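Trainee: Protein chains in written order, with the working numbering: chain A, 1 to 504; chain B, 1 to 369.
Simulated from the structure, these hints should not be mistaken for lab results.
As the structure is a prediction and not an experimental result, all values here were calculated from the model.
Hints are supplied without guarantee of correctness; some may be wrong.
Label-pair ranges, simulated between beta-carbon atoms [said to hold, decoys possible]:
#1 B:S58 / A:K405: 34 to 42 Å
#2 A:R470 / B:D83: 26 to 34 Å
#3 B:V164 / A:R470: 56 to 64 Å
#4 B:K106 / A:R470: 18 to 26 Å
#5 A:R460 / B:E86: 48 to 56 Å
#6 A:K405 / B:G107: 26 to 34 Å
#7 B:D83 / A:E408: 50 to 58 Å
#8 A:E408 / B:K106: 33 to 41 Å
#9 B:G88 / A:R460: 53 to 61 Å
#10 B:S58 / A:L499: 21 to 29 Å
#11 A:E224 / B:K66: 50 to 58 Å
#12 A:L499 / B:K106: 19 to 27 Å
The beta carbon of each residue, even a glycine, is placed where N, CA and C say it ideally should be.
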Amino acid sequence: MSNNIFEIERISASDFFYRNRSLAGFDNPVKATYTIVRELVENALDACELAGRPPKIMVVLREEGPSGGDGSSVYRIRVIDNGIGLSEEEIPEAFGSVFASSKYRLVQSRGTFGLGGTMAILYGQITTNKPFRVVSAKDGRLAHEFVMKIDIENNRPVIISERRVSSVKGPLTLVEFWFEGKYRRARRKIVEYLQQTAMVTPYADLLFIDPDGMVFLFTRSTDEMPPPPREAKFHPKGVDMELLRRLIKSTRSRTLLGFLSSSFQRVGRKTAREVLKLAGLPEDANPKSLSDEDLSKLFSALRTYDRFLPPDASVLSPLGPRLFEAGISKELHPEFIKAVQRTPSVVEGHPFIVETAIAYGGEIRPQGEVQLYRFANRIPLLYDVSSDVSYLVAKRIDWTNYGLKSLEEEPIALFVHIVSTKIPFKTVGKEYIANKPEVAREIELGLRECARALKAYLFRKRRAEMLRMRYEIMRRYYELIAEIVEELTGERPPVENLLGKIRR
Amino acid sequence: MIAVKSDSVRTRILEIAREVARAIEEGRFPRLEYPPSSQSNIEFVEGVGYVFKPRVFSEISGSRVKSVKTLAAVLYGLSRALDHLENGLTMTKRDFYYLHKVERLKGTLFPKDQSETDARIVLMELILGMPREAFSITSDPRGWIYGDIELVDRSGRAIRADRVGEMGYSVPPRPENIRFRRIGVKAVIAVEKVGPAKNMIELGIPEEYGVAIAILKGQPSRSMRRFLRMLSEEGVPIAVLTDLSPWSLRIAATVVYNSIRSAHIPDLATPEARFIGIHTDDVEEGFFKDYQFALEPLTPADLKAAQDNVNLPNLQGEFWQRENRWFLRRKKKAELEIFKAMSPSAKKLKELFVSYLREKLSEGLGVTI
Numbered sequence: 001m002s003n004n005i006f007e008i009e010r011i012s013a014s015d016f017f018y019r020n021r022s023l024a025g026f027d028n029p030v031k032a033t034y035t036i037v038r039e040l041v042e043n044a045l046d047a048c049e050l051a052g053r054p055p056k057i058m059v060v061l062r063e064e065g066p067s068g069g070d071g072s073s074v075y076r077i078r079v080i081d082n083g084i085g086l087s088e089e090e091i092p093e094a095f096g097s098v099f100a101s102s103k104y105r106l107v108q109s110r111g112t113f114g115l116g117g118t119m120a121i122l123y124g125q126i127t128t129n130k131p132f133r134v135v136s137a138k139d140g141r142l143a144h145e146f147v148m149k150i151d152i153e154n155n156r157p158v159i160i161s162e163r164r165v166s167s168v169k170g171p172l173t174l175v176e177f178w179f180e181g182k183y184r185r186a187r188r189k190i191v192e193y194l195q196q197t198a199m200v201t202p203y204a205d206l207l208f209i210d211p212d213g214m215v216f217l218f219t220r221s222t223d224e225m226p227p228p229p230r231e232a233k234f235h236p237k238g239v240d241m242e243l244l245r246r247l248i249k250s251t252r253s254r255t256l257l258g259f260l261s262s263s264f265q266r267v268g269r270k271t272a273r274e275v276l277k278l279a280g281l282p283e284d285a286n287p288k289s290l291s292d293e294d295l296s297k298l299f300s301a302l303r304t305y306d307r308f309l310p311p312d313a314s315v316l317s318p319l320g321p322r323l324f325e326a327g328i329s330k331e332l333h334p335e336f337i338k339a340v341q342r343t344p345s346v347v348e349g350h351p352f353i354v355e356t357a358i359a360y361g362g363e364i365r366p367q368g369e370v371q372l373y374r375f376a377n378r379i380p381l382l383y384d385v386s387s388d389v390s391y392l393v394a395k396r397i398d399w400t401n402y403g404l405k406s407l408e409e410e411p412i413a414l415f416v417h418i419v420s421t422k423i424p425f426k427t428v429g430k431e432y433i434a435n436k437p438e439v440a441r442e443i444e445l446g447l448r449e450c451a452r453a454l455k456a457y458l459f460r461k462r463r464a465e466m467l468r469m470r471y472e473i474m475r476r477y478y479e480l481i482a483e484i485v486e487e488l489t490g491e492r493p494p495v496e497n498l499l500g501k502i503r504r
Numbered sequence: 001m002i003a004v005k006s007d008s009v010r011t012r013i014l015e016i017a018r019e020v021a022r023a024i025e026e027g028r029f030p031r032l033e034y035p036p037s038s039q040s041n042i043e044f045v046e047g048v049g050y051v052f053k054p055r056v057f058s059e060i061s062g063s064r065v066k067s068v069k070t071l072a073a074v075l076y077g078l079s080r081a082l083d084h085l086e087n088g089l090t091m092t093k094r095d096f097y098y099l100h101k102v103e104r105l106k107g108t109l110f111p112k113d114q115s116e117t118d119a120r121i122v123l124m125e126l127i128l129g130m131p132r133e134a135f136s137i138t139s140d141p142r143g144w145i146y147g148d149i150e151l152v153d154r155s156g157r158a159i160r161a162d163r164v165g166e167m168g169y170s171v172p173p174r175p176e177n178i179r180f181r182r183i184g185v186k187a188v189i190a191v192e193k194v195g196p197a198k199n200m201i202e203l204g205i206p207e208e209y210g211v212a213i214a215i216l217k218g219q220p221s222r223s224m225r226r227f228l229r230m231l232s233e234e235g236v237p238i239a240v241l242t243d244l245s246p247w248s249l250r251i252a253a254t255v256v257y258n259s260i261r262s263a264h265i266p267d268l269a270t271p272e273a274r275f276i277g278i279h280t281d282d283v284e285e286g287f288f289k290d291y292q293f294a295l296e297p298l299t300p301a302d303l304k305a306a307q308d309n310v311n312l313p314n315l316q317g318e319f320w321q322r323e324n325r326w327f328l329r330r331k332k333k334a335e336l337e338i339f340k341a342m343s344p345s346a347k348k349l350k351e352l353f354v355s356y357l358r359e360k361l362s363e364g365l366g367v368t369i
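Full structure from sequences and hints, please.
Mentor: Right under this line is the structure:
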């Protein structure tokens with residue numbers, strides 16, 4: 001859904017890939033290994049959520065032998081999911097060409113580039129020159145297996161072999177291919193990624209078997225899934241020039257008035273007329289015959305017009321406080337957890353919702369540094385934490401107001417999840433979120449609400465602790481008093497009655 | 001001081017224990033009321049000294065965590081006192097401290113240091129309204145008297161205070177049991193320092209001039225003060241001879257007026273006693289005027305004491321403040337040893353002592369020697 005997709009469609013996929021190795025996350029063998037696992041898992045999660053089924057995903061990574069001189073190895077990865085599955089006809093197109101799934105649509109989705117695993121498969125093919133294997137079937141159907149390669153020049157699948165697998169029934173998708181990478185140095189990030197994915201996907205079962213035979217199992221704690229995101233039209237403030245050009249190219253409307261009122265959300269005929277008036281363009285002009293100058297006029301009118309209703313946030317699918325809490329709890333086992341979902345807000349023409357959570361105590365230990373977990377559209381963000389808006393917000397809050405020494409010294413973890421049709425990442429690397437005031441504000445309000453709940457909890461806990469200690473002291477001294485009085489008077493006073501009156 | 005019989009101490013302790021037991025039985029948190037030895041309960045009366053007048057009362061409440069420990073501590077302390085009393089045993093403050101260093105008090109009253117248990121002795125005095133000696137805790141017996149005084153003490157033996165060794169009779173912890181059989185002295189001179197006092201005895205001054213020398217050895221103990229008061233009540237003129245220093249002012253004033261710390265204990269002041277020096281006049285224009293070279297400079301601690309003296313209730317009299325201002329101005333002190341600086345021979349020393357005492361006893365107490 002990212003708009004640079006449309007530009008690059010004109011160049012060859014492999015050109016794009018090479019040009020964008022680093023921003024696609026394949027800049028070195030370590031990062032590539034991590035990115036491959038990540039892309040395939042996200043693809044699988046999307047497929048399961050599309051089917052409305054709690055995901056069961058298995059990732060098996062095996063070392064097949066050494067590679068070139070740089071210490072890399074050749075690995076075989078196999079990812080199996082119980083997602084929507086593909087029919088015999090769909091499989092080659094879905095996996096055999098890059099960008100096959102791009103559409104003109106606005107939807108909250110995981111995939112960093114909307115390319116899913118195809119990039120990963122392409123990387124595998126480029127580094128090992130081996131074909132990849134896909135086995136898939138829709139629910140209840142028999143599976144088909146394809147062994148394929150991607151024809152990079154022409155961006156199309158080359159089927160090497162194909163067969164029906166009568167022993168396997170859907171729903172299922174298995175993807176397997178070889179690639180060159182370095183697992184051991186990527187391991188920590190991969191496990192971190194999977195665990196944090198488990199936090200924001202508490203309804204998923206994730207199993208990872210690594211090349212050393214280590215098994216990492218993240219079991220789901222609930223069957224409940226958040227409602228799937230809906231698709232929507234673009235909000236007029238959320239398009240750039242290139243996207244506007246693309247929308248015009250694909251519209252079936254014959255007039256500008258029709259184009260505007262049918263292509264955008266929050267734009268009816270009345271609003272469209274006002275926009276066109278502002279642009280100084282006739283309502284009945286054919287959108288496809290606009291000059292570049294007219295296009296600029298239209299674009300700047302969309303920018304300037306200030307009476308659009310805010311974008312529709314119902315397309316967003318936040319996790320919800322209950323699931324967020326469930327996910328964090330099952331992975332970190334805190335003693336206290338509080339999640340909060342903020343009301344929708346808008347940044348750069350796109351709706352967004354911030355969800356925050358604070359976990360305290362239990363198996364969480366002080367780390368001497370801020371423990372901040374960040375998520376965007378249900379994907380963990382693992383890099384550049386100290387540049388992230390959430391980190392800046394966390395640092396500027398005075399935590400002593402909430403009965404805490406500091407984030408570094410307390411057993412506390414913070415969680416920030418942003419869902420949006422366009423996450424306001426700061427850089428092309430898409431690893432951290434820009435310090436936009438609208439976003440920072442929502443994060444701060446969310447964290448503060450969680451912190452207030454934590455403060456109340458700690459207050460109750462400390463109070464209970466205080467009462468318990470107080471009772472214990474009273475009990476000890478009254479036992480002693482009873483003994484002494486008995487020594488003096490010969491009779492033990494019934495201190496138990498008195499102790500019963502003390503609040504515990 | 002009314003000599004408290006152990007019977008009434010016993011009654012009082014059992015009363016307190018029963019009161020606590022009754023409260024507990026009735027489901028009330030027990031409380032103990034007592035008059036604290038705070039400023040508001042102490043009055044300074046010129047000519048009498050410190051007087052304890054309970055107006056304000058404090059409460060040890062068994063319902064509060066902070067004071068339940070004190071309640072238990074008082075009861076424990078009283079139970080130990082009663083046990084000692086009934087077995088005719090005394091204990092020192094140190095003993096009392098060790099009575100708390102026991103297995104059964106671990107986690108409750110086991111003390112960190114002796115100051116903790118010392119404070120409880122004062123509390124017990126206030127609660128019982130009796131001096132510690134009444135409940136078998138003895139203060140450090142310190143102080144001697146040498147002179148022609150015949151008395152009978154708890155040992156039951158008749159003792160002459162000039163026939164019991166070179167320092168004389170050692171004043172016991174509970175002097176209230178002493179009965180005087182015969183007092184053959186014209187006056188008692190209570191001397192702050194051991195050295196000069198012993199010299200007076202060694203030079204035969206008590207025998208030759210019919211006086212008794214009481215050796216205070218610094219700040220006088222309670223028992224010594226009580227003993228001097230008893231002698232005063234027998235009609236014996238009491239003189240106090242100290243250094244000329246900020247501390248010595250306090251020593252003299254304590255003999256005359258009692259001290260804040262023990263203000264709740266009656267009969268420790270001797271208002272009829274006279275402070276006979278060393279005075280500032282003696283140094284500036286009197287007896288020692290030609291010996292100012294023998295003065296000592298004040299130490300920083302001395303100076304601090306002089307500054308504190310400005311506000312001490314029992315030093316508010318015109319005389320005391322005038323004396324004290326001299327320290328602040330001159331930053332000097334005169335010690336009793338100055339007599340040595342003045343005397344090339346033992347014979348000369350005796351002359352100096354006698355002439356000083358003659359002048360001062362006559363002037364202060366109208367006693368001629």
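Trainee: Are the hints correct? Go through all of them and say.
Mentor: Results for each hint:
{"no.": "1", "hint": "B:S58 / A:K405: 34 to 42 Å", "verdict": "37 Å, holds"}
{"no.": "2", "hint": "A:R470 / B:D83: 26 to 34 Å", "verdict": "31 Å, holds"}
{"no.": "3", "hint": "B:V164 / A:R470: 56 to 64 Å", "verdict": "58 Å, holds"}
{"no.": "4", "hint": "B:K106 / A:R470: 18 to 26 Å", "verdict": "20 Å, holds"}
{"no.": "5", "hint": "A:R460 / B:E86: 48 to 56 Å", "verdict": "51 Å, holds"}
{"no.": "6", "hint": "A:K405 / B:G107: 26 to 34 Å", "verdict": "29 Å, holds"}
{"no.": "7", "hint": "B:D83 / A:E408: 50 to 58 Å", "verdict": "56 Å, holds"}
{"no.": "8", "hint": "A:E408 / B:K106: 33 to 41 Å", "verdict": "38 Å, holds"}
{"no.": "9", "hint": "B:G88 / A:R460: 53 to 61 Å", "verdict": "57 Å, holds"}
{"no.": "10", "hint": "B:S58 / A:L499: 21 to 29 Å", "verdict": "25 Å, holds"}
{"no.": "11", "hint": "A:E224 / B:K66: 50 to 58 Å", "verdict": "51 Å, holds"}
{"no.": "12", "hint": "A:L499 / B:K106: 19 to 27 Å", "verdict": "20 Å, holds"}
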